[in-house]
Structures are given as structure tokens and as C-alpha cells.
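Let the sequences and hints guide you as you build the complete structure.
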Amino acid sequence: MERDVADQIARFSRLAPARLLGALKQAQGDDRPREETLVHFLRRARQAGDEPGASTIARAIARRVSGRLARMTCVWRLGEPADLAEDVIDEILTDLYDQLFNCDDSQKFWEIRFWVCFNRRAINVLLRRRAELDQIDADEGDAASEEWERPRELPAAPNRIDQPETRALINDALSRLPENQRTAFLLKHWSGFQEEASADGAPSIAVMMGVSGRTVRNYLAKASRALASWREEAEEIG
Amino acid sequence: MDSPDTNSLPAEDLDPQDAAIALFDSLVGRHGDIGAALRAASIRYPEQAGFLADYALTSDSMRDFEPSEALERIEAQILHRADALIVSHNSPALFAGIVATAARRGIDLLQLSDLLELSRSVLVKLDRRLIDPATIPASVTAALAEQFSTTGDALRRYLAGPPSMAAEASYRSRKAPSIAGASGAVDREAFANALDAAVKSGEMTPSQAARWRS
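First to last, the protein sequences are chains A and B.
Its first residue numbered 1, the first sequence is counted upward by one per residue in my numbering.
Its first residue numbered 1001, the second sequence is counted upward by one per residue in my numbering.
Think of the hints as simulated: they come from the structure by calculation, not from any bench.
Source: prediction; values computed, not measured.
For each residue, glycine too, the CB sits at the ideal point set by N, CA and C.
Treat the hints with care, as some may be off.
Unchecked claim - Have a look at the derived ranges for each label pair, beta carbon to beta carbon:
id	chain 1	residue 1	chain 2	residue 2	range
1	A	Asp-87	B	Arg-1211	21 to 31 Å
2	B	Ala-1084	A	Ser-198	52 to 62 Å
3	A	Gly-49	B	Arg-1213	30 to 40 Å
4	A	Ala-199	B	Lys-1200	51 to 61 Å
5	B	Pro-1067	A	Arg-59	18 to 28 Å
6	B	Glu-1072	A	Ala-202	45 to 55 Å
7	B	Thr-1205	A	Asp-83	34 to 44 Å
8	A	Asp-104	B	Arg-1211	15 to 25 Å
9	A	Asp-87	B	Ala-1160	27 to 37 Å
10	A	Ala-138	B	Arg-1213	35 to 45 Å
11	A	Glu-196	B	Ala-1160	20 to 30 Å
12	B	Arg-1211	A	Gly-49	33 to 43 Å
13	B	Asp-1196	A	Asp-83	38 to 48 Å
Set out below in C-alpha cells:
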């Protein structure tokens, strides 16, 4: 357990039981309990049979994750229609609370790195759901236009793009690429990996994706064509 | 290379994606360069490169969201659904038992055994709570919970309950017999031993049993 979480747990544990819940809910600034701390006390309440206390802490955790989860859902375009969003949210939250209320040692990592645990599970669900919907669209013949455009200079890594509007447009376009094209594009243009293995043994996209260099170049060419339309819009924004 | 501070958890117990995310987040936190963090984390965890790429895209994309009605609606949905799940966890519907619940759904023991690829003998032992709950793999609990549309927690509570006699036992005493051993302690079987017995009797193949061993 990280030092500051251990310190927080020790500090909150010194409070009288009658004050503990209020402190966990209301403490701000440096005293604001980390999510790992909240999980610890939720499980402690659970094991003590304190259901109202566990519920209070569980609701505090919900308020901590709601903003991030809402944005993640929108990134992968699963926020509309409302019943789709509800279904996706239900899957993520059901898993979340199954894990949080589980006091087994196997779930201890939630008390060490809460956001790593949450992000991994949420993003895996979102990616799977997105891929399922894209497959349905493809099967129904709604695939993006295959019109060719000669590849041009592609954008730099995200933190070198200053305008939020441009970055948002680019990222939205990237999220619409098929998974293999997206992966190849990001690894090349965001991280500078070479397409295929070379004599110096430098890591390559081909090795990481388990495909040939030719296949990687094929993915990149398709990605470039698919991104053609955003490029024009991005240039208009400036 | 910077390593994530994932202390208190043995490396072999850490999910590889968790380790990759932890490293990525640590690097972004220190240097703010998503591309460089993606590169470093992908070199360290090449098998996670695809996932990390999408994780990096998600992280970067979330920076630019402005408050909107759509976001507020989704947040409200999240809080509403969380409330319902919290209530269900604290007052879970009592799980009536594996055999009884299956019967209510019109599924007999043989059909259930086929659906789950778990022998009838193992299912009966689970139903009667003759298996040490600490030895039951999470995959078994999850499969049963999904089969019966209940929560993992409700199922774990059921499996942790006291062992029971078979319903068809006829008592020749005013007091129901206990299945405690001579010492008074209940002798529950390890799940792995129950699988071994099922393989030995031919109810399960070794490969079927292997699926449930972890």
C-alpha cells in the first residue's frame, strides 16, 4: 500500500466511529481521502456488517468516478442513444461494485492503485462495445468511404497540438479507425516506432502487432486515407 | 526506466495491463508527454502495445471535453445506476441454491451440468455447500452468478453458508442430523479434490476439469 494511503487510513482510523463517515465524505484539500482509502474503509464497513456505512462510502466512490466514466463513454461514442449508454454503464458499474465489495485478497490492488484498476476495466468494456457496434455497421454496409487520397504530412503527437478544437477533431477521427489501423497509426505517429524490425533490433510496430512490415504499411496507408476528411477540417480550423 | 510504484503486490500477481497502465500514467504524470509515455510503456510491455495505444488516445481525448448536457445526462445515469447496485449489494436477494434456482428456471441438474461443463457431483456438492468456499475459483463463482443472473456476492454468501443434508434424507429423530465430523467441525472438501473425484469417476474429462482449476 502506498505511504500516503497508509497514512490516510491511520489518520481516519483514529477518528471516533461517529465522525468517520462524515470525515470520509467531506474532507477536502490535503485531507481529502484518496479513492484507495475509500475502498479500504468500504471493505472494512462491509466486513463489520455496517451496511449503511458501506453504502455511504460506495456512493462517494460513485461521485469520484462519474465524471471520468462519462467522458470515457463519450470518447468512444457510446453516450448515445440513452439506452446504449445505460447498458454500457451498467456493465462497467456492475463489475466495479462486484470488485469493490469483494474483500478477497485477490482484489487488494484496488486499495493500491484504484484508477489503474478502474481505467483498465472500463476501457476494455468500452473498446469491446465499440468494436461490436462497428462490426454491426460494417456488416450492414455502413463502412466509411474508400476514396483514395494521397497520404500527406500527418499530425504530430498530441501534446504538440495547441488548439483543443484541432486535437479533439483529430482524436475523434482516430477513434473511428478500425483497431489495427488505429494501433499502427498511434504507435508510429505518436511514439515514433519504426514500421518493421531492423538490424539494430530497435522495437518495431510489426513485432508488437505480430504482423509483417508490409501489413503495417498497409494499415498506415488505410488510416491515412480514412483520416483525409478530418485533415481538411483541421486545416480550416487552423 | 521508471517503474510504477506498485508496492505491496508481488510482481507475479500484477495483471500485465495494470502494470502497463501504471507505468504509462507514472510517465505522463512526471513528464506530460503522452507520445513518449506510450513509447516507453510499449517497449516495456510490447504485448500491451495495442491496448496502451487506445489507453493513450482515451487519456488525451478526455482532456478536451467541455461540460455539456450530454455529459451531465450520462453522469446522472451513472449515479442513478450506482445507487441501485449499492442497494443490491447490501441487500442482495437471497440466493436459494443452485439446484433449486435451476429448477425454478426449468433446468434440471443434467442440463445445468451440460451448460456449465461441470459434473453433477460437483454441482451437488456446491449446492449443499460441502466444498470449502475458500478453495472455489473465482471463475466458478462468476460462471454460476452469470448463469443465475445474480451477483457474485450473493453467490459467495450462499456458498459460505453452513453445509446442508440432501433434501430427500428422512430423519428418524426429532432433531435433524448434523453433518459435522466426530470433532464437531464440518469436513468440507477442497474444490480441486471434488474435480479430481469427478474425473476419476468419468463424469468429467481432464480437460474439462482443467478449465475450472484456476
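Status of the hints after comparison with the structure:
no., hint, verdict
1, A:Asp-87 with B:Arg-1211: 21 to 31 Å, "holds, 28 Å"
2, B:Ala-1084 with A:Ser-198: 52 to 62 Å, "holds, 55 Å"
3, A:Gly-49 with B:Arg-1213: 30 to 40 Å, "holds, 33 Å"
4, A:Ala-199 with B:Lys-1200: 51 to 61 Å, "holds, 56 Å"
5, B:Pro-1067 with A:Arg-59: 18 to 28 Å, "holds, 22 Å"
6, B:Glu-1072 with A:Ala-202: 45 to 55 Å, "holds, 47 Å"
7, B:Thr-1205 with A:Asp-83: 34 to 44 Å, "holds, 42 Å"
8, A:Asp-104 with B:Arg-1211: 15 to 25 Å, "holds, 21 Å"
9, A:Asp-87 with B:Ala-1160: 27 to 37 Å, "holds, 31 Å"
10, A:Ala-138 with B:Arg-1213: 35 to 45 Å, "holds, 38 Å"
11, A:Glu-196 with B:Ala-1160: 20 to 30 Å, "violated, 54 Å"
12, B:Arg-1211 with A:Gly-49: 33 to 43 Å, "holds, 35 Å"
13, B:Asp-1196 with A:Asp-83: 38 to 48 Å, "holds, 46 Å"
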